[in-house]
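**Student:** Using the hints, position chain G against chain Y.
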Amino acid sequence: MVTAHAAGQPAPALNQPVLELKGIGKEFGAIRALHGVDMRIFPGEVIGLMGDNGAGKSTLVKIIAGNFPPSHGEIRFAGETVHFARPIDARAVGIEVVYQDLALADNLTAAANVFLGRELKRKLGPFSLLDHKAMAARALELFGELRSETRPDDLVKQMSGGQRQAVAIARTRLSNARLVMMDEPTAAISVRQVEQVLGLIHRLKEQGVAVMLISHRMPDVFAVCDRVVVMRRGEKRADKAIGDTSPEEVTSLITGAKEAA
Amino acid sequence: MTTPLDSPISFTNVGKVRWWQSGFFASQTGYVLLALVALFVVMHFASPYFFTQGNLQNVAKNFSFIAIATLGVTLVIITGGIDLSVGSMMCFSAMVTSMVMTQLSTPGMPGAEWFVHLADDGKTVVANVPGLILLVSVLAGLGVALVVGLVNGFCIAVLGLSPFVTTLGMLSIVRGLGYVISNGRGSFPGGPDADYFYALTSGVVLGLPAPFIYLVVLALAMAVVLHHTSFGRHVFALGGNEKAAALTGIAVVRVKIEVYVICALAAGLQGIIVSGWLGSAPANMATSYELNVIAAAVIGGANLAGGVGGPLGAIVGCALLEVIRNGLVLAQVNSYWQQALVGVIIIVAVLVDRIRSRMA
Numbered sequence: 133m134v135t136a137h138a139a140g141q142p143a144p145a146l147n148q149p150v151l152e153l154k155g156i157g158k159e160f161g162a163i164r165a166l167h168g169v170d171m172r173i174f175p176g177e178v179i180g181l182m183g184d185n186g187a188g189k190s191t192l193v194k195i196i197a198g199n200f201p202p203s204h205g206e207i208r209f210a211g212e213t214v215h216f217a218r219p220i221d222a223r224a225v226g227i228e229v230v231y232q233d234l235a236l237a238d239n240l241t242a243a244a245n246v247f248l249g250r251e252l253k254r255k256l257g258p259f260s261l262l263d264h265k266a267m268a269a270r271a272l273e274l275f276g277e278l279r280s281e282t283r284p285d286d287l288v289k290q291m292s293g294g295q296r297q298a299v300a301i302a303r304t305r306l307s308n309a310r311l312v313m314m315d316e317p318t319a320a321i322s323v324r325q326v327e328q329v330l331g332l333i334h335r336l337k338e339q340g341v342a343v344m345l346i347s348h349r350m351p352d353v354f355a356v357c358d359r360v361v362v363m364r365r366g367e368k369r370a371d372k373a374i375g376d377t378s379p380e381e382v383t384s385l386i387t388g389a390k391e392a393a
Numbered sequence: 124m125t126t127p128l129d130s131p132i133s134f135t136n137v138g139k140v141r142w143w144q145s146g147f148f149a150s151q152t153g154y155v156l157l158a159l160v161a162l163f164v165v166m167h168f169a170s171p172y173f174f175t176q177g178n179l180q181n182v183a184k185n186f187s188f189i190a191i192a193t194l195g196v197t198l199v200i201i202t203g204g205i206d207l208s209v210g211s212m213m214c215f216s217a218m219v220t221s222m223v224m225t226q227l228s229t230p231g232m233p234g235a236e237w238f239v240h241l242a243d244d245g246k247t248v249v250a251n252v253p254g255l256i257l258l259v260s261v262l263a264g265l266g267v268a269l270v271v272g273l274v275n276g277f278c279i280a281v282l283g284l285s286p287f288v289t290t291l292g293m294l295s296i297v298r299g300l301g302y303v304i305s306n307g308r309g310s311f312p313g314g315p316d317a318d319y320f321y322a323l324t325s326g327v328v329l330g331l332p333a334p335f336i337y338l339v340v341l342a343l344a345m346a347v348v349l350h351h352t353s354f355g356r357h358v359f360a361l362g363g364n365e366k367a368a369a370l371t372g373i374a375v376v377r378v379k380i381e382v383y384v385i386c387a388l389a390a391g392l393q394g395i396i397v398s399g400w401l402g403s404a405p406a407n408m409a410t411s412y413e414l415n416v417i418a419a420a421v422i423g424g425a426n427l428a429g430g431v432g433g434p435l436g437a438i439v440g441c442a443l444l445e446v447i448r449n450g451l452v453l454a455q456v457n458s459y460w461q462q463a464l465v466g467v468i469i470i471v472a473v474l475v476d477r478i479r480s481r482m483a
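Protein chains in written order, with this note's numbering: chain Y, 133 to 393; chain G, 124 to 483.
Calculated from the structure, these hints are not laboratory results. Some hints here could point you the wrong way.
[Stated by the list, open to error] Calculated from the model, a selection of chain Y residues having no Cβ within reach of chain G, i.e. all distances over 12 Å:
no.	residue
1	Phe160
2	Ile163
3	Ala165
4	Asp170
5	Gly186
6	Ala237
7	Asn245
8	Ala300
9	Val323
10	Val326
11	Arg349
12	Asp358
13	Arg369
14	Ile374
15	Pro379
16	Ser384
[Said to hold, decoys possible] Below 35 Å or equal to it, Euclidean Cα-Cα: the simulated DSBU-like pairs (lysine-lysine) are:
no.	chain 1	residue 1	chain 2	residue 2
17	Y	Lys194	Y	Lys253
18	G	Lys366	Y	Lys337
19	Y	Lys154	Y	Lys265
20	G	Lys184	Y	Lys390
21	Y	Lys390	Y	Lys372
22	Y	Lys255	Y	Lys265
23	G	Lys366	Y	Lys154
24	Y	Lys253	G	Lys366
25	Y	Lys194	Y	Lys154
26	G	Lys366	Y	Lys194
27	Y	Lys390	Y	Lys255
28	G	Lys366	Y	Lys289
29	Y	Lys390	Y	Lys337
30	Y	Lys194	Y	Lys372
31	Y	Lys154	Y	Lys390
32	Y	Lys337	Y	Lys289
33	Y	Lys253	Y	Lys289
34	Y	Lys372	Y	Lys337
35	Y	Lys372	Y	Lys154
36	Y	Lys265	G	Lys366
37	Y	Lys337	Y	Lys265
Ideal placement from N, C-alpha and C gives every residue a C-beta, glycine not left out.
Just chain Y, same shape as in the assembly (with noise of 0.2 Å):
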């Protein structure tokens, strides 16, 4: 990694963007997923990432999460310049997504997978043992932090949609994750639990994580973000503060009746 203020004082956190695309490409064989993105997201700040199949969203998305490197263009975090070889890296530096379907185990218990793959272990003689209190314990904290009613030792298989993405959006609380990546969290549950997780996005957002979500449905775009990107046929078409933009102008864009604003 190279640091990006070769001179000079790094600019105060606030104001200095969480994470910086510039000029992101990406090709697959003769196909041009990505084309030129640029876009910059501040901590707190809940952007919402629009656009039809097809448009280059989860590409995007999977650039930024270390899944594949960009062809194009350079990728900052917190000032800095960063290459992924692979998630865990994206992971390390505090970037964290929440997946469509989740990635939970309905066999386990919340709290074990709040902590699936980062387990607290103690010390007993030569063997290292699950430390099942401090995980629960703290699992409990998480979900309070959430407001979610979420019990640390009951199955996710028992859970509702809504106590599932706690879990889930748990998970990435306990890295203290700068950035977190929501894959159309609200796409397949029910009303009440939408509130619920647009409850929870602005918990991250109060306590100064930068949120960015994936979504197809206007009203929760238009219900928690701050901005909104609209992508089209891999290029950035649009990228408006929420009070300056519309459901209809934002749907028009994705369809591409109006070409960019």
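**Tutor:** Okay, now just chain G, sitting in the frame of chain Y:
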């Protein structure tokens, strides 16, 4: 574990699951254990011989002969896999162990000079270090199991072949290799260490058959590993949602290879113990045992879809099968009925579980 009283969350509309509706009591293992206890009571009234020490020792010994392998297969089943090669593996490890033991105990054979010498009378074979031949031959038997487990794991985890097909092929390969190295003849544990071998495999300690003691120790170790280590947690996660396991950074390939290796080692150890009881390792030993082993695991509550199972279930499943077999013998029922009955029990056990989860 209970939620602390100073919980930061108030649960207004999220009910707490009652203790008897969750965990062990609501599991298939729980009510199969109940069925086993009921069966004990029935057998007590049906036959005066059932609760004699000799018969119970016999039952404990007999089910220990498949239960160690069942522990291994249960571990594989929890990850959502299957291992059909355990029967062949039992035979092959037993065979290698007894052949190595015989080879090293025969003066004049290559390698034997390091382990044995002839006594002054020129006939009696004496071990240089008592027990060393036994150790080496058992390690050889487990060594081939390790290799087979690694090959299984590599094909399944790295090459992405289906566990069913891979281990079906391995069933045939390992059985075939057994016939090749033995030329179809059985082999016998022999030499100065054979007595130790028999003592360790079919001896009785404090009234308990030695295989039963190994089983209990291994089952306890497995329970601790499954529920109190991150390896065990990852085994369950793999069976619950393999994609999630990979996304959360679990080393899926490594965990998978490890479970197939452990399973092969368990089968190998089981085979070595069985050969001690049989007094030989015939080339057709443990043929189709994989079916008994998998049946016992499934009856005990391991879910072939992955994510559910445990050592207690493996033991309960094996014990249930053995008590039924024993009961049919004591009741003088034609023993051919046994196999049909085992099939019925498999289906009933899974059916009851299905009905229960529908009602919940």
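**Student:** Broken hints, numbered, in rising order?
**Tutor:** 6, 7, 8, 19, 20 and 27
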